[in-house]
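Undergrad: Take the sequences, apply the hints, and build the full model.
Top to bottom, those sequences are chains W, H, R, L, F and S. Residue numbers for the first sequence, in the working numbering: 23 to 155. Residue numbers for the second sequence, in the working numbering: 23 to 155. Residue numbers for the third sequence, in the working numbering: 23 to 155. Residue numbers for the fourth sequence, in the working numbering: 23 to 155. Residue numbers for the fifth sequence, in the working numbering: 23 to 155. Residue numbers for the sixth sequence, in the working numbering: 23 to 155.
Note that these hints are calculated values from the structure, not bench results. Just so it is clear, the structure is predicted and the values come from calculations on it, not from any experiment. Don't take every hint at face value.
[Said to hold, decoys possible] Within a straight-line C-alpha distance of at most 20 Å, the following computed EDC-like cross-link-like pairs (lysine to aspartate or glutamate) qualify:
(1) S:76 to S:44
(2) H:27 to R:120
(3) H:76 to L:73
(4) R:115 to R:85
6 protein chains.
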Amino acid sequence: MSLVKMIEYQDAPPEVRAVYEDIMSVRETDWINNFWKALANDPATLRRVWDSVKQVMAPGALDPLVKEMVYVAVSATNGCEYCTCSHTAAARKRGMTDAMLMELLAVTALANETNRLANGLRIPVDPAFRPPA
Amino acid sequence: MSLVKMIEYQDAPPEVRAVYEDIMSVRETDWINNFWKALANDPATLRRVWDSVKQVMAPGALDPLVKEMVYVAVSATNGCEYCTCSHTAAARKRGMTDAMLMELLAVTALANETNRLANGLRIPVDPAFRPPA
Amino acid sequence: MSLVKMIEYQDAPPEVRAVYEDIMSVRETDWINNFWKALANDPATLRRVWDSVKQVMAPGALDPLVKEMVYVAVSATNGCEYCTCSHTAAARKRGMTDAMLMELLAVTALANETNRLANGLRIPVDPAFRPPA
Amino acid sequence: MSLVKMIEYQDAPPEVRAVYEDIMSVRETDWINNFWKALANDPATLRRVWDSVKQVMAPGALDPLVKEMVYVAVSATNGCEYCTCSHTAAARKRGMTDAMLMELLAVTALANETNRLANGLRIPVDPAFRPPA
Amino acid sequence: MSLVKMIEYQDAPPEVRAVYEDIMSVRETDWINNFWKALANDPATLRRVWDSVKQVMAPGALDPLVKEMVYVAVSATNGCEYCTCSHTAAARKRGMTDAMLMELLAVTALANETNRLANGLRIPVDPAFRPPA
Amino acid sequence: MSLVKMIEYQDAPPEVRAVYEDIMSVRETDWINNFWKALANDPATLRRVWDSVKQVMAPGALDPLVKEMVYVAVSATNGCEYCTCSHTAAARKRGMTDAMLMELLAVTALANETNRLANGLRIPVDPAFRPPA
Chain W
23 MSLVKMIEYQ
33 DAPPEVRAVY
43 EDIMSVRETD
53 WINNFWKALA
63 NDPATLRRVW
73 DSVKQVMAPG
83 ALDPLVKEMV
93 YVAVSATNGC
103 EYCTCSHTAA
113 ARKRGMTDAM
123 LMELLAVTAL
133 ANETNRLANG
143 LRIPVDPAFR
153 PPA
Chain H
23 MSLVKMIEYQ
33 DAPPEVRAVY
43 EDIMSVRETD
53 WINNFWKALA
63 NDPATLRRVW
73 DSVKQVMAPG
83 ALDPLVKEMV
93 YVAVSATNGC
103 EYCTCSHTAA
113 ARKRGMTDAM
123 LMELLAVTAL
133 ANETNRLANG
143 LRIPVDPAFR
153 PPA
Chain R
23 MSLVKMIEYQ
33 DAPPEVRAVY
43 EDIMSVRETD
53 WINNFWKALA
63 NDPATLRRVW
73 DSVKQVMAPG
83 ALDPLVKEMV
93 YVAVSATNGC
103 EYCTCSHTAA
113 ARKRGMTDAM
123 LMELLAVTAL
133 ANETNRLANG
143 LRIPVDPAFR
153 PPA
Chain L
23 MSLVKMIEYQ
33 DAPPEVRAVY
43 EDIMSVRETD
53 WINNFWKALA
63 NDPATLRRVW
73 DSVKQVMAPG
83 ALDPLVKEMV
93 YVAVSATNGC
103 EYCTCSHTAA
113 ARKRGMTDAM
123 LMELLAVTAL
133 ANETNRLANG
143 LRIPVDPAFR
153 PPA
Chain F
23 MSLVKMIEYQ
33 DAPPEVRAVY
43 EDIMSVRETD
53 WINNFWKALA
63 NDPATLRRVW
73 DSVKQVMAPG
83 ALDPLVKEMV
93 YVAVSATNGC
103 EYCTCSHTAA
113 ARKRGMTDAM
123 LMELLAVTAL
133 ANETNRLANG
143 LRIPVDPAFR
153 PPA
Chain S
23 MSLVKMIEYQ
33 DAPPEVRAVY
43 EDIMSVRETD
53 WINNFWKALA
63 NDPATLRRVW
73 DSVKQVMAPG
83 ALDPLVKEMV
93 YVAVSATNGC
103 EYCTCSHTAA
113 ARKRGMTDAM
123 LMELLAVTAL
133 ANETNRLANG
143 LRIPVDPAFR
153 PPA
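TA: The structure is reproduced here in structure tokens:
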């Protein structure tokens, strides 16, 4: 159903295999999900996007579970089925319970609601919410 | 510039004042931001939305700072200036640093990027990401 | 601030003036708003979009006020300031009160909320909601 | 396929059953659709969202059929399959014909088109469209 | 699964058949895709949308392949499965290779990413990017 | 007005200056626009996003002007003022005329329109548009 073919490890050129191996090593898993198999149609894009994901989702000022939950919130807002499912699975692996998922989506949905009240009424931003120049 | 007038406390009917007082009490502040002054044009909506915000944003399975950051991520995704500014301010009040804000937006932006790769290539969801029926 | 210049009636070529005159005649007004002055940079687009607006917004199976309100709901959802302001003004001219505007945005916002709960939880459509094939 | 399980009436705790009964009573129906069965994983969210839907969609300054059609317009704009199907069914039950549905989507689609012309050209809002301060 | 029935040529009234024939003639094909069969439920909408597509997608200041690729970029951004698939097929017919598709989606996705960094940080537009008034 | 401060060259740490110099060199210009000055609050993000932009927007299977126009189409669809203005300026520098901009936005807007007709009617994808598995 995909618009490009999925590139399996055994059919992949060396630069794709190198990324696949890095993914499996960083994630401590032994399989590659379809997202990467699709991007492998363009090895430079595969490498670039994986490097970005690896850098952005690593522990930093925010912990990785919070990052996965932000990812789910954005994906649900955009209606992306693939990313909603894959990042919900990733968040669960990091400890997200059903109660946390329900609360996460309640916040996500509420923000979508109030975004439209603010945008629809064209409410001016209070000066107090603007940082000093 | 707003499409409705801002209802100030001194001009507000009793049911609006009651909500304003609850907002100031729960938030331990002495002023009301424009979002609520705009909603006050419909006291039933003001009450309902405030009750939702109060319930959803309270501590629960997720901590309030995480919830504020999810709110910022959704508001940035939707391009809502008002909510981006107000919830960034709220998150900062709860301890979000500039480093955390930058990382939050890096995750938000990356999710917006990969959402379009997945949707544009119509990548099928891996069975492993689907919960058992 | 616009990315193209606004084409005023006195500076417009005949095919643009013809559209401007039709707009003023159909709308029973004596001025042209910026949306059309911007589209006039491409007379074929100006003509095509005006013909579409004239056809779609005319009385039909739905009454024109309902159509204007649907327009506001979509524009608020997309965060389009220009269309939110212009179609709110148009709806008010056709009788929309402040109470109706507030209710319209309450519905719009609620739909945006529940859209994300449905999409975020990937809730399957009930067979009863699908029309017979 | 859903990311959470559907909670059936017979498996539901009392506070969920109470909401289900209210839904069936208000809607004069004898079944519960999947949206509520999914929200029931968090009884507080189920109660809050149902109370919001009940309040917002009730007759008021706008009639319920208009509200259902606005709901369809927003859901189509956001690409939410579940809500598009469920609210189209609800609007049909209240009298929406195929001709009305086609016109509703023609308005929705046209608004999505002109929203991008206005946003893409960054067209300034005419002063006449702004309410007096 | 569609919310309206597909109108086949043999069941179509004359004004619908006339549009179908124009579509097949302009596109040099002998079949009609579902998009038009669905719009045919409202012959005036079918005629108007087809006339718009015919005008907008014709060779002009931009070549038709570029236009098809822009269409794919927008459809991927909005998560529209139907238009993503149909316009990817149309672009391929006009010469888009897999390498071009991958690059197109890389640009599309990157724009979605940086749009949220700019909107999330509320970065002011540099005066140099604004055309002289 | 931005939510973070703009980092000027003279105030920037060495790793930020290195990126700024690369930007000016690749773009053959002597100034840095606000987007990068805002990202500079997180040097790792600045470096990563610039490297992505440099790679993705370089000549490849698509020419750089087409890429800039796709960027404008996505930014207009998302309502991102900053990116709409900056990439319109970039596209003009590469040869985009007013006629090309108007056509680009006509395609962008039309795609946004038909996306909602397809999504709103839930039109099934024709098998002919699906690539062989």
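Undergrad: Taken at face value, is the distance from the CA of residue 120 of chain R to the CA of residue 27 of chain H at most 20 Å?
TA: 10 Å, holds
Undergrad: Between residue 76 of chain H and residue 73 of chain L, is the straight-line Cα distance small enough, at 20 Å or below?
TA: 15 Å, holds
Undergrad: Taken at face value, is the distance from the CA of residue 44 of chain S to the CA of residue 76 of chain S at most 20 Å?
TA: With a Cα-Cα distance of about 10 Å, the restraint between residue 76 of chain S and residue 44 of chain S holds, given a limit of 20 Å.
Undergrad: When you check the alpha-carbon spacing of residue 115 of chain R and residue 85 of chain R, does it fall within 20 Å?
TA: 14 Å, holds
Violated hints are absent here; each numbered hint is respected by the structure.
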